[in-house]
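Chemist: Single-letter residue listing:
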Amino acid sequence: MISQYAAELCALLVEDNFGELFARIFSTLQRYDRLSFPRLKFYSRLSDRQLRHGLAAMIQHHLVYHYTSLDDGATYYEPNLQAAYYLVRSGKILELIQDRLGKYAATLMSTIMFLGHAQVSYLETLPELQPEFPKANGVKGESETGESEDQANGHGDDGHTFEQPALLHPTLKALASHGYLIRVRDAQFQSYADNALDAERALKSRPDVKQLKGKKLDETVLDGTLALLKEKLDGDLTRGLMFNGLPRGAKRRHANGSADAPNKKARVDYDDDEDEDEDEDEWSDDDMGGDTSPMESGLVVRVNYEKLDVALRNRRFLDLAELNSSPATAQVYDCLLRRIEYQTKQCRDSAEIPREGEEGEQYSAAIALSAVTDEVDPLLDLAGSIGPMEVSQPVNRRGKRPLEDGVNGTDHEASEKPSRIYEVDQHLSLLSQPPYNLTSKRMLSGLITWTVEFRHLARKLRHLELERVIEARYGDVALRVIRVLHAKGKLDEKRLQEISLLPFKDLRQVLASMQAGGFVDLQEVPRDAQRQPSRTIYLWFYDPDRIRSSMLEDTYKAMSRCLQRQRFERNRLKEFLEKTERSDVKGNEERYLSQAELTLLEQWKAKEALLLGEVARLDDMVAVMRDY
Amino acid sequence: MSRFGAKKGRKLPGAEFSWETGDAGGEPDTAPTPLFPKYTVPRGRPLTAQEQLQVDLYRSLRERIHDGPYYSILDGATSAAKKDSAARANFDPFHGMQSYSGKYQKKKRALPRILGRQYVMKFFPRELWQTIQPTFRPDAAMDGYVPQVAAIAGKRGFEDDEEEEDDEAGKRRKTGGGEDEDAGDDGDDDKDVLDPDEEQEEQLEDDDFEDDDDDMGGDYNAEQYFDGGDDEYGDDGFGDGGGGGDEETY
Numbered sequence: 001m002i003s004q005y006a007a008e009l010c011a012l013l014v015e016d017n018f019g020e021l022f023a024r025i026f027s028t029l030q031r032y033d034r035l036s037f038p039r040l041k042f043y044s045r046l047s048d049r050q051l052r053h054g055l056a057a058m059i060q061h062h063l064v065y066h067y068t069s070l071d072d073g074a075t076y077y078e079p080n081l082q083a084a085y086y087l088v089r090s091g092k093i094l095e096l097i098q099d100r101l102g103k104y105a106a107t108l109m110s111t112i113m114f115l116g117h118a119q120v121s122y123l124e125t126l127p128e129l130q131p132e133f134p135k136a137n138g139v140k141g142e143s144e145t146g147e148s149e150d151q152a153n154g155h156g157d158d159g160h161t162f163e164q165p166a167l168l169h170p171t172l173k174a175l176a177s178h179g180y181l182i183r184v185r186d187a188q189f190q191s192y193a194d195n196a197l198d199a200e201r202a203l204k205s206r207p208d209v210k211q212l213k214g215k216k217l218d219e220t221v222l223d224g225t226l227a228l229l230k231e232k233l234d235g236d237l238t239r240g241l242m243f244n245g246l247p248r249g250a251k252r253r254h255a256n257g258s259a260d261a262p263n264k265k266a267r268v269d270y271d272d273d274e275d276e277d278e279d280e281d282e283w284s285d286d287d288m289g290g291d292t293s294p295m296e297s298g299l300v301v302r303v304n305y306e307k308l309d310v311a312l313r314n315r316r317f318l319d320l321a322e323l324n325s326s327p328a329t330a331q332v333y334d335c336l337l338r339r340i341e342y343q344t345k346q347c348r349d350s351a352e353i354p355r356e357g358e359e360g361e362q363y364s365a366a367i368a369l370s371a372v373t374d375e376v377d378p379l380l381d382l383a384g385s386i387g388p389m390e391v392s393q394p395v396n397r398r399g400k401r402p403l404e405d406g407v408n409g410t411d412h413e414a415s416e417k418p419s420r421i422y423e424v425d426q427h428l429s430l431l432s433q434p435p436y437n438l439t440s441k442r443m444l445s446g447l448i449t450w451t452v453e454f455r456h457l458a459r460k461l462r463h464l465e466l467e468r469v470i471e472a473r474y475g476d477v478a479l480r481v482i483r484v485l486h487a488k489g490k491l492d493e494k495r496l497q498e499i500s501l502l503p504f505k506d507l508r509q510v511l512a513s514m515q516a517g518g519f520v521d522l523q524e525v526p527r528d529a530q531r532q533p534s535r536t537i538y539l540w541f542y543d544p545d546r547i548r549s550s551m552l553e554d555t556y557k558a559m560s561r562c563l564q565r566q567r568f569e570r571n572r573l574k575e576f577l578e579k580t581e582r583s584d585v586k587g588n589e590e591r592y593l594s595q596a597e598l599t600l601l602e603q604w605k606a607k608e609a610l611l612l613g614e615v616a617r618l619d620d621m622v623a624v625m626r627d628y
Numbered sequence: 001m002s003r004f005g006a007k008k009g010r011k012l013p014g015a016e017f018s019w020e021t022g023d024a025g026g027e028p029d030t031a032p033t034p035l036f037p038k039y040t041v042p043r044g045r046p047l048t049a050q051e052q053l054q055v056d057l058y059r060s061l062r063e064r065i066h067d068g069p070y071y072s073i074l075d076g077a078t079s080a081a082k083k084d085s086a087a088r089a090n091f092d093p094f095h096g097m098q099s100y101s102g103k104y105q106k107k108k109r110a111l112p113r114i115l116g117r118q119y120v121m122k123f124f125p126r127e128l129w130q131t132i133q134p135t136f137r138p139d140a141a142m143d144g145y146v147p148q149v150a151a152i153a154g155k156r157g158f159e160d161d162e163e164e165e166d167d168e169a170g171k172r173r174k175t176g177g178g179e180d181e182d183a184g185d186d187g188d189d190d191k192d193v194l195d196p197d198e199e200q201e202e203q204l205e206d207d208d209f210e211d212d213d214d215d216m217g218g219d220y221n222a223e224q225y226f227d228g229g230d231d232e233y234g235d236d237g238f239g240d241g242g243g244g245g246d247e248e249t250y
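Protein sequences, first through last, are from chains A and B.
Residues 1 to 628, numbered by the UniProt record's numbering, are exactly what the first sequence covers, in order.
Residues 1 to 250, numbered by the UniProt record's numbering, are exactly what the second sequence covers, in order.
Extracted from the complex, chain A is given alone in its bound form (with noise of 0.2 Å):
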């Protein structure tokens, strides 16, 4: 059962984006959690018309399963709730999309959302998402596009009309072969326990089945449940599209060579349209090359989530890279990552993250030496940033030399070429060191390949992410302490102090306070049948396991509260955001407004983007603590 505040959560963020129908029908579900059509009528006091049209929508919309049951022929309604949460991710995947693959990937992305799941042909009727965008967008798409299409066609017009007649399925397919996009499958709008059961009494009619008994059985109908559901529920599209194990339109960073690099770092909101365009162009141009045979017109697809929080979970430890490595490492990390996000379905085969110390190591597929290379950008100065290459030279130990090396090594690298894979490895190696161990080196029959150990880094993670907070509510002296009992594990006051070197006072001042907020505890061991208080040992502990679970819950009571602000900040203009909404006045703004009323929208925006800022690092840490 989901706790209160996500559920509240959940129900804020639907609320926020498709209105009050939505929401109550979604609250009212979750609530009771399976509702046949009349009970829920019931319930949440609708009419039936507002009931039925906003079920259908809300299906369209994956926000809820249903389920006809075999035995009386009713259907039952769900919320789906994993489907909620994730619309506060949004802005941060278009973001990544956008980023990725151009602003037009980003477009129909948005527009996919927007459409919660779609039909290939009807994508293709979509005016926004046509090539010869000046007419289509002067007519029909004021009231059906939003901001970001507006601008984007702004400055793309000229851009798109010139030569390409179909970008949406170059894109459709570049999209679907990252696997940022699915098929959609029937058993998909159902909840996952329904599908097991299905699955289950399917697998128990079956006759070789049914002679078996015992332990046997039970074996072969978990098994057989699991693959079942597996067939069912799979809407991966990448296998057709891939070649050479790469995605298509996965290639162009290389063409743009090191100079677009620092560019892409300094990334401001709409500056850098032209050079977008560039990017399209060239990048849609190596595809029309390959095949431009279109996507399967029936298709239906609709975002995969899971693998969007692979491509998430591999940004987070990119940021990891940065802070303590040089740019070109850092880049060079983010090949091999990217290498390992093509064949990374999800973030961990389990359902919930296993508690700590019970977690197994488990390593992503391994990525070859040489192909690591191959990603590298050519032009990208590997030798700079890390130390000489002749450890046999004495010179280069001293102050200045190595700088003068550095320079130099540009034309050494012309006649050395194999020296390339040798630095590559070099910097794989330095992103292998501790604390993070971001990398790990393994010989697979004489081949080098590297890889990441993404359970052992998903765990670093989260306790870096406790780590932050405590620091930030308790101080540094706390940090020490945390670290040590976790560490030592339980330990006694006395052992604490002269392990943490901290005087009594400080020590249990702190002790005390992180006991109140609940990150530490304290345990009893009685040294006889008594319990005496003094023949008693007291031993504190820190599990970061429930540490974890009680600071999601106060994330999601953090998110609900911004989210919360924000409508109640929105009830006090009401009437002025009401008149700015206005069919006349938008996009008129300056015409219609007065100076003063520009400025309190000015005001309105930055305020919302400040509380929807929050909710967005809040849910990074929800990501961190949840999903990765």
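Treat the hints as calculated values from the structure; they're not laboratory data.
Just so you know, even glycine gets a beta-carbon here, dropped at the ideal spot from N, CA and C.
Any given hint could be a false lead.
Beta-carbon label-pair distances, calculated as ranges [as the list claims (entries may be wrong)]:
id, chain 1, residue 1, chain 2, residue 2, range
1, A, Ala365, B, Tyr39, 47 to 55 Å
2, B, Ala89, A, Arg570, 21 to 29 Å
3, A, Ala193, B, Pro93, 46 to 54 Å
4, B, Arg45, A, Ala516, 23 to 31 Å
5, A, Lys215, B, Arg45, 28 to 36 Å
6, A, Glu569, B, Pro93, 23 to 31 Å
7, B, Ser99, A, Ser549, 46 to 54 Å
8, A, Gly518, B, Arg45, 24 to 32 Å
9, A, Gly360, B, Gly44, 34 to 42 Å
A partial selection of chain A residues facing chain B, derived with a Cβ cut-off under 7 Å [as the list claims (entries may be wrong)]:
id, residue
10, Asn17
11, Phe18
12, Glu20
13, Ile59
14, Glu95
15, Val120
16, Tyr122
17, Leu126
18, Pro294
19, Gly298
20, Pro354
21, Gln426
22, Ser429
Since chain A is already given, all that's left is putting chain B on it; use the hints.
Modeler: Same frame as chain A, but now just chain B:
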């Protein structure tokens, strides 16, 4: 912690593990706590460019959904609501009245508009098929596969209509007579034609009182103050209640 604290001594038992963070002398601090203790309010960092972009993308998608066919609200408080009903009590006398500039106001939808795009019928439960596709008759074919094909074909024609001219609502009104057809038209109206009443009226009728239209109080209707007789659809949603009355019948 002082469960068996009968030990004789100056120090209270368990005092070394006291929750009080002060000195370990054993005297609890009984002084009143300050009324407004100094508190440094934590402030968030300003948004980075990347975060700003994320927020903007989120907002634009949300706004798009709000402008789209599914965003719908619940309150239908108007002055024409039945006396003593909840809707009437919630009516805002200052801003609730119609005004001329209201015609530019963003229209609020009380019901998601389902028609106007293609759906894949098999993804929806059977009891909603008729909502999604009004031409579908559950008793016509029990097969399940046949109606699906028929539905898509039928819809495609409908869809094309939609694409070509949105404001052909009137024409379609003549051709299609079904009750859900009406609902679709309402959606169109609300996009193109000024007719804010329709949505709200429909909402009202949906709520609870399609039975008694008589006690609306005379023929003066504040709701129709501005778009009285000249509107060709004026009588459909409200006037005699005929059009809306049988919407519930399916």
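Chemist: Measuring from the C-beta of phenylalanine 18/A to each C-beta in chain B, is the shortest one below 7 Å?
Modeler: holds, 6 Å
Chemist: Within 47 to 55 Å or not, the Cβ separation of alanine 365/A and tyrosine 39/B?
Modeler: Distance hint for alanine 365/A, tyrosine 39/B holds at roughly 50 Å.
Chemist: With respect to the beta-carbon atoms only, verify the hint that alanine 193/A and proline 93/B lie 46 to 54 Å apart.
Modeler: The hinted range 46 to 54 Å holds for alanine 193/A and proline 93/B, with Cβ atoms some 50 Å apart.
Chemist: Hint glutamine 426/A vs chain B: min CB-CB distance below 7 Å?
Modeler: violated, 30 Å
Chemist: Does the CB of proline 354/A sit less than 7 Å away from some CB of chain B?
Modeler: violated, 30 Å
Chemist: Any CB of chain B closer than 7 Å to the CB of proline 294/A?
Modeler: Hint on proline 294/A: violated, closest Cβ of chain B at ~18 Å, above 7 Å.
Chemist: Does glutamate 95/A hold up as a contact with chain B if the rule is Cβ-Cβ below 7 Å?
Modeler: Holds, about 5 Å.
Chemist: Take the shortest C-beta to C-beta distance between glutamate 20/A and chain B; is it under 7 Å?
Modeler: The hint holds - glutamate 20/A has a Cβ within 7 Å of chain B, the shortest such distance being about 4 Å.
Chemist: Measuring from the C-beta of glycine 298/A to each C-beta in chain B, is the shortest one below 7 Å?
Modeler: Given a least distance of 9 Å, the restraint on glycine 298/A is violated.
Chemist: Does the Cβ-Cβ separation between glycine 518/A and arginine 45/B fall within 24 to 32 Å?
Modeler: holds, 26 Å
Chemist: Return holds or violated for the Cβ distance of glutamate 569/A and proline 93/B against the range 23 to 31 Å.
Modeler: holds, 25 Å
Chemist: Has the hinted range 28 to 36 Å been met by the Cβ atoms of lysine 215/A and arginine 45/B?
Modeler: violated, 57 Å
Checked against the numbered hints listed earlier, the structure breaks hints 5, 15, 17, 18, 19, 20, 21, 22; every other hint is satisfied.
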